[in-house]
Each structure stands twice: as C-alpha cells, then as structure tokens.
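J.: Chains A and B are the protein sequences, given in the same order.
In terms of UniProt numbering, the first sequence has 216 at position 216, counting the first letter as 1, and numbering is strictly consecutive.
In terms of UniProt numbering, the second sequence has 232 at position 232, counting the first letter as 1, and numbering is strictly consecutive.
Among the clues, some could well be false.
Mimicking DSS-like on lysine-lysine, the simulated pairs with C-alpha atoms at most 25 Å apart in a straight line are [said to hold, decoys possible]: (1) B:291 to B:361; (2) A:152 to B:7; (3) B:361 to A:152; (4) B:7 to A:147; (5) B:361 to B:372; (6) A:410 to A:349; (7) B:7 to A:261; (8) B:361 to B:410; (9) A:147 to B:147.
Where chain A lies over chain B, by a calculated footprint (3+ residues, C-beta under 8 Å) [unchecked claim]: (10) 53-66; (11) 180-188; (12) 235-248; (13) 257-270; (14) 398-407.
Quick list of the computed label-pair ranges, beta carbon to beta carbon [as the list claims (entries may be wrong)]: (15) B:239 to A:410: 45 to 51 Å; (16) B:88 to A:302: 52 to 58 Å; (17) A:283 to B:359: 17 to 23 Å; (18) B:447 to A:182: 51 to 57 Å.
No lab work stands behind these hints, which were simulated from the structure alone.
All residues carry an ideal CB built from backbone N, CA and C; glycine is no exception.
There are 2 protein chains.
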Amino acid sequence: MQAVTVKQIFRETETFLNQKLEISGWVRTIRTSKAFGFIEINDGSFFENIQVVFDESLDNFLEIGKQTISSALRVQGTLVPSPGAKQPFELKAEHVEILALAGGDYPLQKKRHSFEYLRTIAHLRPRTNTFAAVFRVRSVVAYAIHKFFQEKGFVYVHTPIITGSDAEGAGEMFKVTVLDPANPPRNDAGTVNYGEDFFGKETSLTVSGQLNVETYCMAFRNVYTFGPTFRAENSNTARHAAEFWMIEPEIAFAELADNMKLAEEMMKYIIRYALDNAPEEMAFFNKFVDKTLFERLENILNSDFGHITYTEAVKLLEKVNTEFEYPVHWGIDLQTEHERYLTEKIFKKPVFVSDYPKDIKAFYMRLNDDNKTVAAMDLLVPGVGEIIGGSQREERLEVLENRMKEFGLKEEDYYWYLDLRRYGGVKHAGYGLGFERVIMYLSGMSNIRDVISFPRTANMCEF
Amino acid sequence: MQAVTVKQIFRETETFLNQKLEISGWVRTIRTSKAFGFIEINDGSFFENIQVVFDESLDNFLEIGKQTISSALRVQGTLVPSPGAKQPFELKAEHVEILALAGGDYPLQKKRHSFEYLRTIAHLRPRTNTFAAVFRVRSVVAYAIHKFFQEKGFVYVHTPIITGSDAEGAGEMFKVTVLDPANPPRNDAGTVNYGEDFFGKETSLTVSGQLNVETYCMAFRNVYTFGPTFRAENSNTARHAAEFWMIEPEIAFAELADNMKLAEEMMKYIIRYALDNAPEEMAFFNKFVDKTLFERLENILNSDFGHITYTEAVKLLEKVNTEFEYPVHWGIDLQTEHERYLTEKIFKKPVFVSDYPKDIKAFYMRLNDDNKTVAAMDLLVPGVGEIIGGSQREERLEVLENRMKEFGLKEEDYYWYLDLRRYGGVKHAGYGLGFERVIMYLSGMSNIRDVISFPRTANMCEF
Chain A
1 MQAVTVKQIF RETETFLNQK LEISGWVRTI RTSKAFGFIE INDGSFFENI QVVFDESLDN
61 FLEIGKQTIS SALRVQGTLV PSPGAKQPFE LKAEHVEILA LAGGDYPLQK KRHSFEYLRT
121 IAHLRPRTNT FAAVFRVRSV VAYAIHKFFQ EKGFVYVHTP IITGSDAEGA GEMFKVTVLD
181 PANPPRNDAG TVNYGEDFFG KETSLTVSGQ LNVETYCMAF RNVYTFGPTF RAENSNTARH
241 AAEFWMIEPE IAFAELADNM KLAEEMMKYI IRYALDNAPE EMAFFNKFVD KTLFERLENI
301 LNSDFGHITY TEAVKLLEKV NTEFEYPVHW GIDLQTEHER YLTEKIFKKP VFVSDYPKDI
361 KAFYMRLNDD NKTVAAMDLL VPGVGEIIGG SQREERLEVL ENRMKEFGLK EEDYYWYLDL
421 RRYGGVKHAG YGLGFERVIM YLSGMSNIRD VISFPRTANM CEF
Chain B
1 MQAVTVKQIF RETETFLNQK LEISGWVRTI RTSKAFGFIE INDGSFFENI QVVFDESLDN
61 FLEIGKQTIS SALRVQGTLV PSPGAKQPFE LKAEHVEILA LAGGDYPLQK KRHSFEYLRT
121 IAHLRPRTNT FAAVFRVRSV VAYAIHKFFQ EKGFVYVHTP IITGSDAEGA GEMFKVTVLD
181 PANPPRNDAG TVNYGEDFFG KETSLTVSGQ LNVETYCMAF RNVYTFGPTF RAENSNTARH
241 AAEFWMIEPE IAFAELADNM KLAEEMMKYI IRYALDNAPE EMAFFNKFVD KTLFERLENI
301 LNSDFGHITY TEAVKLLEKV NTEFEYPVHW GIDLQTEHER YLTEKIFKKP VFVSDYPKDI
361 KAFYMRLNDD NKTVAAMDLL VPGVGEIIGG SQREERLEVL ENRMKEFGLK EEDYYWYLDL
421 RRYGGVKHAG YGLGFERVIM YLSGMSNIRD VISFPRTANM CEF
C-alpha cells in the first residue's frame, strides 16, 4: 500500500481517488457516534486536514474513538469521493494504527487562544492554523528570496556573525565573550584584559553584513547576504526583536536607480511567489488575519512604484503639517506617520523616497553634488511605512575619508573598507530588507514575536 | 548598445557574436605594445575572463595602457571570433572608459600567493581564481541545499541563535551579554546578577538548532535548519572554526533507515548540482587544488553507500589494529584514522556506521532494544571521514527521562522538549551537516579558514 502525504492527495487528487493509501498524521478533531466516526488529520505536509471516516467494522473501533487532539495515527484505507462535503474526498479507513496517544492535558484544545498565550507555548503553536500558515509562508518566502537572487546570478555570502568592529554604528550591540564576568582577567590599570578573551579582543554580534559584503561585491559584482542580525535595544514594541534575519543585496557598476529597480522587482517577485506557492495559507490570512491583505498585495503587484525625493516629499508634507503629531521640516528624519501619509494618502501605492539630508544618514552613503543630500532611498509601503532602506555607496576615497572624519570614525578601523576604494572601487549600491517585516507584511500579522519561531526580546529568551 | 555580463557572453555566445556590446569589469592582466594591447577582464559574473583587444585608433590608447591590475573599465566594442585562441572570441574595443584606476600598491599582483598570506587580505582574496571558485561554489551549494529540501516540501526553520539553554552540551559556548564585565551588577552574595542582563538571565550562542527544530518537526513533519552555529573551543586545527554554518534536517514518521536514505540522496544531489552549475569552478579545483576530486565525487555519485553497524565495524578494525595509533575496541569513539580506514580501505566508498554504544552518544538518541546501543549514524566519506552525524530521536517519554537522569540533565530545563513526547510524539530522526566541511570536500580545500569569507578562530576576528 502506498504511503502518501496529505499534500499529495490534495494536489494530485485524480491520481489517488479510489486507490488504497496510507497516511500518517495527527488528530485535529475527532467525533464519534455508536457506529462510526470522523477524524480530521493533519500530517504537517499541508495546511488543510484530510477527513478520515471509520466505523465499527474495525477491530479497534472503540480505542480509536478514545484518541485525543494531537494523538498520532497511521491510517490505511481507500480515498473515496465525498460529494457535497467541504472537501470532495475522504479517506475510508480499513486499518487504523495508533502511534501515540496525546495526554488529555494537551494545551491546544479546540478553542481560540490569544496570540499572547500561544507565545508561552511557542514549541506547540506551529500546530495551530495561524502559526502553521505563518511559518510555512516564512519558509516559502525565504526560498523565494534565494531563488530570485540566484537566478539572477547573485552570489550568496555568509558574512560573519561575530564581529570585532562596530560596523556602521547601527545600534546597540551584544557582547560575545568567554570571560567570566564575575572575575574577568584585568590589566595592571584594573580594566578588563580582553587580550585573554577568545578572540584576543572585544567582540560583538553583528548589526549588519553590509560593509563585509561590499568586499565581495567588488569581486563578484552582484551579491547578497541572508542571515541573522542583532540589536541590544530595549525597545518593547511590536516591530522590534533582539534577533532577526536580514537580506542585504549589493550590486556593482550600479547607481541608486538600479538599486530601486532591483528592490521593486524583488518585492513583486516574492509576493507573487508566496501567492502561487502557499495559496491556502495566504487565503487563510486574507480571511482571518487581515481582510485587506489580497487587495494590498495586488496593489503592489499592479503598481509601478512611485518615486519622490526627500526634499519634494517634505514640501508636500509641510502643506498638511496639521495632520501630524510631529510637524515636518527639511532636515528631520521622517516618522512612520509621515511615511504612511506619503504612501497611503498621496501616492496610494509603494513609493521610493530618495536623496535624504546627509546629516541623518550613514557615513558610507554617496554624497550628492548638492553637498547637502546623499543618494539614499527608503521604500515605503501602505500599511507599514518603511520596509527597505538602502543607498548608493560612496566609492570616492577622499569623499569617504572626509565623511568618516565628520562622523568621528578612525581610518585604521576601516582600512579594509577604504581599500575597496583604492583598488578598482566602482559605483555600487545596496539595500537592507528586514525579513520579519516582510513576513508581517505578507501575512498581516502585527507582532514580530508571532513571525519568529522562538523570539528573543528584552527579558525574553525562552526555549 | 547592450550592456551584458561576461557570463552571458560565455553562455550565449551565438547570440552575441558579431554584435556591439558593452561590458564593465576589472583588469586581471594587461599587455600593450606600440600599436595595440590585450586586457583580460573579469566582471565578477563568471569564473573566466574575457579578452579585450584595443589599438591605437582609440583616443585614449596611451591612457588605457597605463591601467593596472584591478582597475575598472567600461568597454564598448564588437564581439569577434578569435580562431585558435584560448577562447573562441574576443571583444574588439571601440570605446574604453576608465572607471577607477587601482593603486600600484595593489597587493594581488600577478604571482602566486600563499593561502596564509591571502587570509590576511580576506577582503581582497575573492578576486583571485581560487577564492572566486570557492565562494561561488559555496553560494551554489547553499542554494542546492535549499532547493533539495524545498522541492521535497520541507519547511525551513530559523532556529534561534541566542539561547538560554546549553542544548545538548555539544561544546563550549560563547556568552552573550550586555553587562559591563569591568563592573557587572552583583547579587548580595557577590555573584553576577544576570537578572539585570538583557534577557534577564544567562544566554549563549547556539551550538545546534536540533532540539528547537524538533518542535517544528512535530508540526510540519519534514523540516530543516540552515544557520550559523558556534563553538568556543580553542582547537587550532584546519577543520575547526568558532563560527560555522550547519544544516539540520529533521523528519517525522521516520526511522534511522529513512534518515540514512535522505542523507545519501542529499549528498548526491548537491554534488551533482555543483558539477552542473559551477562547471568552470569545479574543473579549476580538479586541476589545481585536488587532482583526485572528480574521481572522488564520481565515486560518490555512482555508489550505493555502504552500511555497517558500529559493532561489526569494530570487529573488522580490530583485525588490523596494528595499523592504528589508537587501537580499536568496542566502546571507544572512532577516531578519524579508523573512519578513514573503513571508508577508504574496506568499503572504498561512502559508508554509514550505525548503532553506536549509548555511552558515547547524546542523550536524545533512541535506545535500541539491546539496551547497549543507540540508533545513531555517521556518514563516512573517503578523504575526510565523518561528514554527517545523526540519529533517530528517543520518542518514548519514560526512556528519554531515564536517559536524561543518566546524563544529569534537569527535566525542568527541557520541559518543552519532553512535551513533544507527551503530545503525539512520533518516531522521528535527523542529522547535522557541517556546511564548511561540505565545501571543503567539494573543492579539495584543506583548511576551513579558506572556505569562510571572514573566518573566526581562536585569537582571530578580523574584518
């Protein structure tokens, strides 16, 4: 008898109808009467359950009826048509083997649980519909990102997680050490002697792979990272986690316009890929999590993204300053309220804002000829605001050195980054995409803790 | 004029021959005479260079001739046949724009450099043939691994990097903290008060995602991780790094035999994928790094992997104990010399060794009926020894609890892992594959520092 997955049955129903099959999976619901019963089984391969019917002709009919939610069964039977039912087929059991009886105290009984509660049982929550959908989509989208870049010939680079430099000063960093903080080795002056630490120096967890990946960009032309990054920021919001994954493409012989073109193409590709490759999950989100989801995503797929400079955007926003908690004027960093107004009210579609004031952006962004702005860009999307941030990089050695001085950065800490400008440093650009933000956007889930398998936030590092 | 990559020209030569094209890239070699010159250009898209010919008809003929290695150029010209040359075509330049002149002190002049030296310029070494090949193959193989598992419906899980538990006790761990070790907060007793640390407790970098991913296996059936893992071990060998990437698949409704079948299929898939998708790079390795490479890989592709139990293997090895530095007897952990003898001399092909003594294996491995061995397996390959380690997991609650007692592990630290056995815990199995080991095996590179972009080892955390 052929062992199959529930996904195979749903996707190739014609092949398996009226065939004898074997499935293995977990009970999601069970109902019995005197002479027969129904079990909905999920085998993890597919979002939907398959209905199994069994009756008293089975030796262990009574025992089957005692199975609880999450018990595991192996069922042999015939896939028969089931006209008029929710699904057009069901599995008529001829033999049911009980693999594992779940304890009656199983926490996921058939009722709605709050997302807050489910976070406390993060080891079990992927067994619920919502989290099964979230984490399959997360997997599908991760693959879509690799597929998009690999098919374009981009080289995937694993930039280091442990770093000896503080990169772009992008945020508070976690220290990595093997020293005993109760009694660290000390120098004569009484300060901690990091010379005795594992790496012989102070080290931290990375906040960005960008500077590292630029070195590979100057060798392979088009490259990307996709790995974990960290922020030791005590911000207890629904959008921040201490550990999250980031995608950072970097392209050579390229300017800001190429960068924006790539970002737009990528966003459309992964949305389309998720809709095509996780249709049941996406339909679930649209029905139960965010009823505007499909509309929102279709809007992205069918729009040419807008373009506006920061300076133009500020002019437009200043006219409606009464709408905002924080009034806008040239020079400020745009707040989420401003970003959302631009994309939702003015453009009504995704929009790139480019050429920000140099003083509110990072040292490595390319200085524009006006000497006041840099070739930076943010992608704003309706419902969220910023989802991508990027820039053309400063490839001119002297300009970069001046910018580093303005930022108080020491050249010796960045000698290798400067070397890229000494030896064939061409125009290049790149951006960063927070992976969890994308999953939130694609699912409608509103808390980052609900799109990370085991989230790490301030005072929370369970499992 | 159409801007193309060197890869396009090589892969679609017919399309581009006799066409006007534009390429951008970096000088690898340049030779000039009075009236004409040759430049080999690499644009990062492809392993091979393209030859550009230019002559005195160009306005800036003299300036072009002054370009140095790694200078960047944009060349417009016609792709013309070049009969009898190394490559059947060359680009006849009609216009050459100089994008960036590389300093004459560029460290990668045209001569052989030792791998040791190149490690000191890890930001530039991907511009050499060897490292261009290594890191493109690394990218291609990373993608092959995702493709293999995704096409089988496996769900990719990002297990946490920062962990509050010491997992399987698999090795020394790095501490992650925001406390100031010079002056940490203390409890009344004088010990460090981790309650004030970022997560409110002691945390470390993960050594394995396995225990976490098992929770997702019990929801999605077939899952895998692919992420960085860490060991704070001061082992200064060519095969160990403090930071490396690992792949850990986990399959449900599966036993040890299924696990070995999956591992064999995966190994063959990724070897085939690398040979098919990075043919130039693989040929380079076979020619310059390890002349037995193709033979070795073909041997894997064409073999049914061998199978032997640990007990049988020990019997065979005891007969040749005089060959070994460490003699073999039942109960010892096999050394690399024993593993290599098994796979190279006895089997002459990859071999799975299974059912190891329980005392030398981890607590979560499934106890066999003999009560002496566990359902563990290692895959040994010629030239290396162990490349994969895995096991069927103990799904029986009481047996697992007993094993944890024997190992001195506290149940409360693993309540969520034990929950998996309480609520529908079915037979399942998985393995771990060190990604860098695979790249070493596929390339013939013998030092792990040479397959990691910016390696982290004891006293080494540069760039």
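J.: Sort out which numbered hints this structure fails and list those numbers smallest first.
T.: 1, 3, 6, 10, 13, 14, 15, 16, 17, 18
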